[in-house]
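*Asks:* Following the hints, position chain B against chain A.
Each chain, letter by letter, is given below.
There are 2 protein chains.
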Amino acid sequence: MTRTIVASATREIVIGFDQPFCVIGERINPTGRKKLAAEMVAGNFETVEKDALEQVRAGATMLDVNAGVTAVDPNATEPALLVQTLEIVQNLVDVPLSIDSSVSAAIEAALKVAKGRPLVNSVTGEEEKLEAILPLVKKYDVPVVAISNDETGISMDPDVRFAVAKKIVERCADFGIPTHDVVVDPLVMPIGALGDAGRQVFALLRRLREELKVNTTCGLSNISFGLPHRHGINAAFIPMVIGAGMTSAIMNPCRPQEMEAVRGANVLAGTDKDCTTWIRTYKDYKPAEGGHAAPAPVAVNSPGEPSSAGGRRRGGREARLAARG
Amino acid sequence: MTRTIVASATREIVIGFDQPFCVIGERINPTGRKKLAAEMVAGNFETVEKDALEQVRAGATMLDVNAGVTAVDPNATEPALLVQTLEIVQNLVDVPLSIDSSVSAAIEAALKVAKGRPLVNSVTGEEEKLEAILPLVKKYDVPVVAISNDETGISMDPDVRFAVAKKIVERCADFGIPTHDVVVDPLVMPIGALGDAGRQVFALLRRLREELKVNTTCGLSNISFGLPHRHGINAAFIPMVIGAGMTSAIMNPCRPQEMEAVRGANVLAGTDKDCTTWIRTYKDYKPAEGGHAAPAPVAVNSPGEPSSAGGRRRGGREARLAARG
Numbered sequence: 002m003t004r005t006i007v008a009s010a011t012r013e014i015v016i017g018f019d020q021p022f023c024v025i026g027e028r029i030n031p032t033g034r035k036k037l038a039a040e041m042v043a044g045n046f047e048t049v050e051k052d053a054l055e056q057v058r059a060g061a062t063m064l065d066v067n068a069g070v071t072a073v074d075p076n077a078t079e080p081a082l083l084v085q086t087l088e089i090v091q092n093l094v095d096v097p098l099s100i101d102s103s104v105s106a107a108i109e110a111a112l113k114v115a116k117g118r119p120l121v122n123s124v125t126g127e128e129e130k131l132e133a134i135l136p137l138v139k140k141y142d143v144p145v146v147a148i149s150n151d152e153t154g155i156s157m158d159p160d161v162r163f164a165v166a167k168k169i170v171e172r173c174a175d176f177g178i179p180t181h182d183v184v185v186d187p188l189v190m191p192i193g194a195l196g197d198a199g200r201q202v203f204a205l206l207r208r209l210r211e212e213l214k215v216n217t218t219c220g221l222s223n224i225s226f227g228l229p230h231r232h233g234i235n236a237a238f239i240p241m242v243i244g245a246g247m248t249s250a251i252m253n254p255c256r257p258q259e260m261e262a263v264r265g266a267n268v269l270a271g272t273d274k275d276c277t278t279w280i281r282t283y284k285d286y287k288p289a290e291g292g293h294a295a296p297a298p299v300a301v302n303s304p305g306e307p308s309s310a311g312g313r314r315r316g317g318r319e320a321r322l323a324a325r326g
Numbered sequence: 002m003t004r005t006i007v008a009s010a011t012r013e014i015v016i017g018f019d020q021p022f023c024v025i026g027e028r029i030n031p032t033g034r035k036k037l038a039a040e041m042v043a044g045n046f047e048t049v050e051k052d053a054l055e056q057v058r059a060g061a062t063m064l065d066v067n068a069g070v071t072a073v074d075p076n077a078t079e080p081a082l083l084v085q086t087l088e089i090v091q092n093l094v095d096v097p098l099s100i101d102s103s104v105s106a107a108i109e110a111a112l113k114v115a116k117g118r119p120l121v122n123s124v125t126g127e128e129e130k131l132e133a134i135l136p137l138v139k140k141y142d143v144p145v146v147a148i149s150n151d152e153t154g155i156s157m158d159p160d161v162r163f164a165v166a167k168k169i170v171e172r173c174a175d176f177g178i179p180t181h182d183v184v185v186d187p188l189v190m191p192i193g194a195l196g197d198a199g200r201q202v203f204a205l206l207r208r209l210r211e212e213l214k215v216n217t218t219c220g221l222s223n224i225s226f227g228l229p230h231r232h233g234i235n236a237a238f239i240p241m242v243i244g245a246g247m248t249s250a251i252m253n254p255c256r257p258q259e260m261e262a263v264r265g266a267n268v269l270a271g272t273d274k275d276c277t278t279w280i281r282t283y284k285d286y287k288p289a290e291g292g293h294a295a296p297a298p299v300a301v302n303s304p305g306e307p308s309s310a311g312g313r314r315r316g317g318r319e320a321r322l323a324a325r326g
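Chains as they are written, first to last, in the working numbering: chain A, 2 to 326; chain B, 2 to 326.
Next comes chain A alone, as it looks inside the complex (with noise of 0.2 Å):
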């Protein structure tokens, strides 16, 4: 059975075929977010902390970590932003963090002051990426997500995507590097763009947990960019990969309606044992009138389940009961 542990400080997290659906929180990323991006850039973490802790208590169980607030010259400034961030991320929750840089000198230092077992988001299979990166995963020993995509590009036939990724597991190995600790992103194309993007993905999947048998993760709102009401589709879509294989995603757990469809696909697939999550978070609710969802509890604690806020120290039921008392 394949099992990619991380950890932060205090907690591990194993993402498996077994395991409930890992959702990495997207939100802390300043690309495509000028406003976030400036703050950074002054000093101001605000809105990183404030994304940081409303994930967590969304129910994300692990927060990816980028600080590329510039395309000029990032190998000046997204190292020592990073290490910032993340330091800031790690000392606030006790998920377990991705670290997503295109800057290896930034991954570098990052895995230099990470604790616990943190994810490097990500390697390609681009040669000069693969040489850069594998050694950094092998010396800190840590979880890779390889994306399939090389030199060439992204290719549309999805048998080469299959081959990029078990090249890079292949060179993965060469480093020493087992093949549990490579998280493979299959990439998820805009289905208003191309139609048989769902399809392609549904049987990448499959293929690379049967044949290569290793974990996989996406950036999961792609599937719906440019479409009308994104969230519907999405939350479709999250069912279908987690039926077809999929044990993680980068994405937005402050979406009450796509993390519905995390816990009620891990319910179906047998990984919400008992369905005690399920019950637990939507016992007392009530849906609006005509069918339509209400608003979300906030994760609730369960035992076992990662991917409740903060763990059981701080997070969920009993957080809010201190916080009254």
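Incorrect hints may appear among the rest.
As the list claims (entries may be wrong) - Cross-link-like lysine-lysine pairs, in silico, DSS-like; alpha carbons within 30 Å at most:
(1) Lys284/A x Lys36/B
(2) Lys116/A x Lys139/A
(3) Lys35/A x Lys284/B
(4) Lys287/B x Lys35/A
(5) Lys284/B x Lys36/A
(6) Lys284/A x Lys35/B
(7) Lys284/A x Lys287/B
(8) Lys139/B x Lys113/B
(9) Lys287/A x Lys287/B
(10) Lys274/B x Lys287/B
(11) Lys214/A x Lys274/A
(12) Lys35/B x Lys139/B
(13) Lys214/A x Lys214/B
(14) Lys287/A x Lys51/B
(15) Lys51/A x Lys35/B
(16) Lys35/B x Lys51/B
(17) Lys287/A x Lys274/B
(18) Lys284/B x Lys287/A
(19) Lys130/B x Lys113/B
(20) Lys140/B x Lys168/B
(21) Lys287/A x Lys168/B
(22) Lys287/B x Lys36/A
Claimed, not checked - Non-contacting residues of chain B with respect to chain A, defined by C-beta distances greater than 10 Å in every case (computed):
(23) Tyr141
(24) Asp158
(25) Lys168
(26) His230
To be verified - Pairwise CB distance ranges, derived in the manner of DEER restraints:
(27) Gly271/B x Glu211/A: 19 to 27 Å
(28) Asp19/B x Glu211/A: 20 to 28 Å
(29) Asp158/B x Phe226/A: 39 to 47 Å
(30) Arg4/B x Ile155/A: 32 to 40 Å
(31) Pro136/A x Gly271/B: 40 to 48 Å
FYI, nobody ran anything at the bench for these hints, they're computed from the structure.
Note that the Cβ used here is the ideal one computed from N, Cα and C, for glycine as well.
*Replies:* Chain B in isolation, oriented as in the chain A frame:
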């Protein structure tokens, strides 16, 4: 490619692997609805008419019609009442119908008056049932729902349920009924009682599609029986069964959350070409604050979408525009 053709007097629908999911509206059924049963016995069909119109407006592809008002001597009451109900419904809406009864004489009586090509719901693997129903199915050249249980009851072993389905398909062939006219119901168990119910049905659906090459259906909401916020479980289950190969379900189309899951899964499975139905249905959709689902719009017709309300002649946007004019 397996194609099951159903039809009303004026509309033909194909159930198939390459078709949008076929939503069979479940509401016209007095089982467990004492008030409706009393009305129907008294010759009052107002609720039946309301349920027919509402379900078609909500996007039902077909309607199930059941007149099982009593468990006491149904043979005496059900044939005439089913005929009466069926005639009222088929004169009111133009979607194809499913004739739902456990009384063989009622099915035969309804087949005599049904227009188009109704679906017979259902036969099981019980010898007595096979002998009673299959000659009718052959005589009237209609498709039939095959429920995978037999004299021994419902097996908890999915291999046995598959074997029962296979036996029914073979018996149908003996009667000259082609495989594409058998729609197998693999039987969905409540996930709250049987933690493996989801994985069982996904595995069964794949085998039914790949090995028997049959269309499939189920009583969808069984999956969430006994759990809180059932619509959330149903809405996660729908994309998962569609991903596993299910082609229709008997369900309540008047629940926006479930119908949104159907439409989203059609997009992702590639059966909503160019996302046409999704875009038309949700292009003006505004989610409520906090990302919760707002009231869903009434189904909007699109060329080639069989699941939209009442056909091009009177459903959807045209009808509403006409009503205004």
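*Asks:* Each hint: holds or not?
*Replies:* Here is what the structure says about each hint:
no., hint, result
1, Lys284/A x Lys36/B, "holds (28 Å)"
2, Lys116/A x Lys139/A, "holds (16 Å)"
3, Lys35/A x Lys284/B, "holds (27 Å)"
4, Lys287/B x Lys35/A, "holds (25 Å)"
5, Lys284/B x Lys36/A, "holds (28 Å)"
6, Lys284/A x Lys35/B, "holds (27 Å)"
7, Lys284/A x Lys287/B, "holds (27 Å)"
8, Lys139/B x Lys113/B, "holds (13 Å)"
9, Lys287/A x Lys287/B, "holds (21 Å)"
10, Lys274/B x Lys287/B, "holds (23 Å)"
11, Lys214/A x Lys274/A, "holds (23 Å)"
12, Lys35/B x Lys139/B, "violated (34 Å)"
13, Lys214/A x Lys214/B, "holds (28 Å)"
14, Lys287/A x Lys51/B, "holds (26 Å)"
15, Lys51/A x Lys35/B, "violated (52 Å)"
16, Lys35/B x Lys51/B, "holds (17 Å)"
17, Lys287/A x Lys274/B, "violated (35 Å)"
18, Lys284/B x Lys287/A, "holds (27 Å)"
19, Lys130/B x Lys113/B, "holds (19 Å)"
20, Lys140/B x Lys168/B, "holds (20 Å)"
21, Lys287/A x Lys168/B, "violated (44 Å)"
22, Lys287/B x Lys36/A, "holds (25 Å)"
23, Tyr141, "holds (36 Å)"
24, Asp158, "holds (17 Å)"
25, Lys168, "holds (28 Å)"
26, His230, "violated (4 Å)"
27, Gly271/B x Glu211/A: 19 to 27 Å, "holds (22 Å)"
28, Asp19/B x Glu211/A: 20 to 28 Å, "holds (24 Å)"
29, Asp158/B x Phe226/A: 39 to 47 Å, "holds (43 Å)"
30, Arg4/B x Ile155/A: 32 to 40 Å, "holds (35 Å)"
31, Pro136/A x Gly271/B: 40 to 48 Å, "holds (41 Å)"
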